[in-house]
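Undergrad: Here the protein sequences come in this chain order: A and B. Mapped onto the UniProt record's numbering, the consecutive letters of the first sequence carry residue numbers 1 to 302. Mapped onto the UniProt record's numbering, the consecutive letters of the second sequence carry residue numbers 1 to 416.
You may find that some hints are simply not true.
If the Cβ cut is set under 8 Å, some of the chain A residues that face chain B in the computed set are [as the list claims (entries may be wrong)]:
(1) 5
(2) 9
(3) 137
(4) 166
(5) 172
(6) 275
If you are wondering where the hints come from, they were derived from the structure by calculation, not from laboratory data. Quick reminder that beta carbons are idealized off the backbone N, C-alpha and C, glycines included.
Chain by chain, the residues run as shown.
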Amino acid sequence: MTIHEYQLSQLDYLEAEAVHIFREVAAELERPVLLFSGGKDSIVMLRLAEKAFWPAPMPFPVMHVDTGHNFPEVLEFRDRRVAELGVNLVVASVPDAIERGLVAEEPNGSRNRIQTPVLLEAVEKHRFTALFGGARRDEEKARAKERVFSFRDDFGQWDPKNQRPELWNLYNGRIHLGESIRVFPLSNWTELDVWHYIQREEIAVPSIYYAHDREVFERDGMLFANNEFCRPREGETTFVAKVRYRTVGDASLTAAVRSDADTVEKVIEEIAATRLTERGATRGDDRVSEAAMEDRKKEGYF
Amino acid sequence: MDLLRFATAGSVDDGKSTLIGRLLYDSKAIFTDQLESVERTSQQRGDEYTDLSLLTDGLRAEREQGITIDVAYRYFATPRRKFIIADTPGHIQYTRNMVTGASTADLAIVLVDARKGMVEQSRRHAFLVSLLRVPHLVLAVNKMDLVDWSQEVFESIEKEFSSFATKLDVPDLTVVPISALHGDNIVSRSPNMPWYEGPSLLHHLEHVHIASDRNLVDVRFPVQYVIRPQSLQRTDYRAYAGQVAGGVLKAGDEVMVLPSGFTTRIASIDTADGPVGEAFAPMSVTIRLEDEIDISRGDMICRPHNQPAVAQDIDAMVCWMAETPLAPGQKLAIKHTTRSARALVKELQYRLDVNSLHRDDTATQLGLNDIGRVRLRTTVPLLADEYRRNRQTGGFILIDESTNRTVGAGMITSAS
Numbered sequence: 001m002t003i004h005e006y007q008l009s010q011l012d013y014l015e016a017e018a019v020h021i022f023r024e025v026a027a028e029l030e031r032p033v034l035l036f037s038g039g040k041d042s043i044v045m046l047r048l049a050e051k052a053f054w055p056a057p058m059p060f061p062v063m064h065v066d067t068g069h070n071f072p073e074v075l076e077f078r079d080r081r082v083a084e085l086g087v088n089l090v091v092a093s094v095p096d097a098i099e100r101g102l103v104a105e106e107p108n109g110s111r112n113r114i115q116t117p118v119l120l121e122a123v124e125k126h127r128f129t130a131l132f133g134g135a136r137r138d139e140e141k142a143r144a145k146e147r148v149f150s151f152r153d154d155f156g157q158w159d160p161k162n163q164r165p166e167l168w169n170l171y172n173g174r175i176h177l178g179e180s181i182r183v184f185p186l187s188n189w190t191e192l193d194v195w196h197y198i199q200r201e202e203i204a205v206p207s208i209y210y211a212h213d214r215e216v217f218e219r220d221g222m223l224f225a226n227n228e229f230c231r232p233r234e235g236e237t238t239f240v241a242k243v244r245y246r247t248v249g250d251a252s253l254t255a256a257v258r259s260d261a262d263t264v265e266k267v268i269e270e271i272a273a274t275r276l277t278e279r280g281a282t283r284g285d286d287r288v289s290e291a292a293m294e295d296r297k298k299e300g301y302f
Numbered sequence: 001m002d003l004l005r006f007a008t009a010g011s012v013d014d015g016k017s018t019l020i021g022r023l024l025y026d027s028k029a030i031f032t033d034q035l036e037s038v039e040r041t042s043q044q045r046g047d048e049y050t051d052l053s054l055l056t057d058g059l060r061a062e063r064e065q066g067i068t069i070d071v072a073y074r075y076f077a078t079p080r081r082k083f084i085i086a087d088t089p090g091h092i093q094y095t096r097n098m099v100t101g102a103s104t105a106d107l108a109i110v111l112v113d114a115r116k117g118m119v120e121q122s123r124r125h126a127f128l129v130s131l132l133r134v135p136h137l138v139l140a141v142n143k144m145d146l147v148d149w150s151q152e153v154f155e156s157i158e159k160e161f162s163s164f165a166t167k168l169d170v171p172d173l174t175v176v177p178i179s180a181l182h183g184d185n186i187v188s189r190s191p192n193m194p195w196y197e198g199p200s201l202l203h204h205l206e207h208v209h210i211a212s213d214r215n216l217v218d219v220r221f222p223v224q225y226v227i228r229p230q231s232l233q234r235t236d237y238r239a240y241a242g243q244v245a246g247g248v249l250k251a252g253d254e255v256m257v258l259p260s261g262f263t264t265r266i267a268s269i270d271t272a273d274g275p276v277g278e279a280f281a282p283m284s285v286t287i288r289l290e291d292e293i294d295i296s297r298g299d300m301i302c303r304p305h306n307q308p309a310v311a312q313d314i315d316a317m318v319c320w321m322a323e324t325p326l327a328p329g330q331k332l333a334i335k336h337t338t339r340s341a342r343a344l345v346k347e348l349q350y351r352l353d354v355n356s357l358h359r360d361d362t363a364t365q366l367g368l369n370d371i372g373r374v375r376l377r378t379t380v381p382l383l384a385d386e387y388r389r390n391r392q393t394g395g396f397i398l399i400d401e402s403t404n405r406t407v408g409a410g411m412i413t414s415a416s
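Same shape as in the complex, but just chain B:
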């Protein structure tokens, strides 16, 4: 059994909570005591129906105000797959939360209300999915029951969305007509929409092919921790622990260590369960090299003929997540793979309007939840790839050095 991580985007009005409630309920991931507690709260509040959003809105303030504050993670499994849902709220802190949820997602579901069709928010959702390079996008056209299961309505939304998606460079788009409330096309194909020939939503989630989404070409192994047992039996053991970020590593492979540029071979790939023949993302392994080279945390093991950029000038799309705006001249801490450095904001090239995709190059700062293209200069070189080539070696976070808060997320567009 493998695992699929997906993010859901849409507001409460689009029926997102109902959809998640439906997936959890139909896969038996909602338990009787959870349901009873939700029913109790709904009754106490005088709701006319059991509000399934209470299943995901776990914090007191959320239940009191009827809003979702933060990304909630939900879990369910079918005999084929385990699923992790990052449920991102529709209103408050929208961009920040969706960027967070999408950063680890293999797939994103964007919901639209069939009666309303594409709205501004749907465009924003689709854009963020593409910005974060989520490999698979599902447009779920919900509330089909309220448009008399109309093929025509569905197809016009599908057409409009698809033409927008081509501008965004979305690798894989699937459009499914559903009724989350009644369960149509959720687990099994709906008898109400015989004209729809595609898979049910759950069938798609269970079968979508994700093995080839990871980068298996460019070997990238950020050194995370040096393992040197201080014991008499293993005086000579020295190895480099980390999580593979790309490519396939094999014992005997010739490798290069950056930034030093030394080359050597992989002696063995160790785990506590014994050596393995190959390692690929996202395996956590320990690599022993044939030669003794000075290597520390933050270094990168790659192949001599396939290296990341060793760069201090970084261009990136940055999503800003703090109240205090980002402006040129600022100094921030940056964390990229296992490497930490300081970064100077050299230039704000433009701010992007996420609704119209218009680039405002007169912008002088990025406010909370703004996205823009930024040039950074780092104190030490980063060992970086373009984000579109590798999400692990192309993504970074920015940290405010005085408050220690995570204030930005960056996706590298070029590094030199």
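For reference, chain A alone in the conformation it holds in the complex:
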């Protein structure tokens, strides 16, 4: 940082803003929890939370909404990171919820939508009042309009037309019993900022974010891994390609991209040159409709 000019770099600015947000929530809301998927955004969030309260440990647990459709590398990463930090991990399990009859498997096999009731159930059970999520406004149009402190009613619903105005760095975290706030400390970060930060802070991320050989097949112009959650249909043939993942979500519908980027420097170079958004390139779920994300969010999605 260029102290002599009293001007922060963009990464220092974004870090300072996120740290402020973490502290504000810890000071004002009683039972926060950090949503941790093992994806790069939640990994960066975890680092920021660690920094915000240093040298004290972060004063809240982390929660993983486990769809059961996991990449083994990501699950292993999650457990290692949680152990290193010594934080509590709450797992809200979708397969378990299916077994209990809380939700039913969707015809297309995607668990994206049905994870919402599972999340809401866990929030109620643990009486969480604030949930940190790694969503960024640059990801998606509906998210571009979301507040840093996003108010949810007792049903976990988001009302985009009725959001609390957010001015300066003053956040309104006041809620009634049963209501909650979703908090997005990375709101102002872009995909490139996240990778620059991973580089600067030398943060480890799951190996699937870097180029590797994988058996894949093509569907709707996207490359899907051949794994237990996602098998080629008739007419789709598998082949080995050098790929990496730009996002890590439900393994049944997150696609890989062709890539030679096997280091953080190369990933940054690749993203700077790409002409596709990370969701457009890799998420089958967002292709459903123009407002797919908005609809999911209104129901209580992250």
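With the hints as your guide, set chain B onto chain A.
TA: For chain B alone, coordinates are given in the frame of chain A:
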């Protein structure tokens, strides 16, 4: 690389969406899949051209009704700077959204249509920019192609606007003739307007000097969170976390803690990456003091000879953001820096007509999107500065205690 936050003001007709689309497109911040999706929607609706406003209008209701409901944040970067745009809609909830977008902006772009020149709305935009103390204002005179790139038209708008701006106390005004549609004077200087000798819009955004906009004189550190590790290795560690709101803090500095008034010295300024020599806004740091003093969230660390007011009587310009009007006698929750209190509305001094700047002192209440001067009495003292001196320690929000909604934004004019 540093960061510039700017807000854009203007209606769809002024070409605001086209301008933003142009900045995003030319800086490669629009992606192929986003553009394809916009083209698809435009085609389905039967538009004659690709409607770039669909890039920013993300909500279903907005696309259906062709209006922008809420502030949208957009991001792009050039090799020199990262930019955050707060794109504020022109029609609905105008004041509330623009006040929100401008509160964090280093710069605001007000657009006017060269054919129409200054209209009532341009005055309102400029006024809100000055009310929120956005340090840099750019007037973008758009659609120059439709006035034959006329220097005369441009200069007459420039002159009219500049004379209005002097009344508003705008610290830095830049006027640029552009055509957002054709890209003239957006990224590079336009060959169509050789008479214009100033920078292109993007060049100005990349180079405008913002380091000195922040208050580096008055040390203000609102205590946000007390850090006390409950571990055996660090039993004695006790420090105060927060985001610097003004001035430059250094280890060894003599400081005063308000409201108690105790003085001590800064032992160290800690971060997770190790101690730092200096801290300035908007750094988030953790301060250790030499003496054990009782300090909690909402207290303020400052210098003994440079203190904010410790005040329960607050005069402020308030922008009202709720359907239910603001009236004297009301009680509200107030959040100012990291301090929360309750406030009684003692008096409405006047309501301001944001178009004519006329002060109506017969007004008895402030309705949705009204702005007026209000006197408040708070339950505990606020540690406050005038908003014009410091946006962080001079701004506050008002919250309805029963609905918990944010219903007002205030800018302190005096505190005692």
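Undergrad: Now tell me if each hint is right for this structure.
TA: Evaluated hints:
Taking 8 Å as the C-beta cut-off, the interface hint given for residue 5/A holds, the closest approach to chain B being about 5 Å. About 6 Å separates the beta-carbon of residue 9/A from the nearest beta-carbon of chain B, less than 8 Å, and the hint is met. Taking 8 Å as the C-beta cut-off, the interface hint given for residue 137/A holds, the closest approach to chain B being about 5 Å. Hint status for residue 166/A relative to chain B: holds, with the closest Cβ pair at about 6 Å, below 8 Å.
Interface restraint check for residue 172/A: the shortest CB-CB distance to chain B comes to about 5 Å, inside 8 Å, so the restraint holds. The beta carbon of residue 275/A is positioned within 8 Å of a beta carbon in chain B (closest approach about 4 Å), and the interface hint is therefore held.
The structure shown violates none of the earlier numbered hints.
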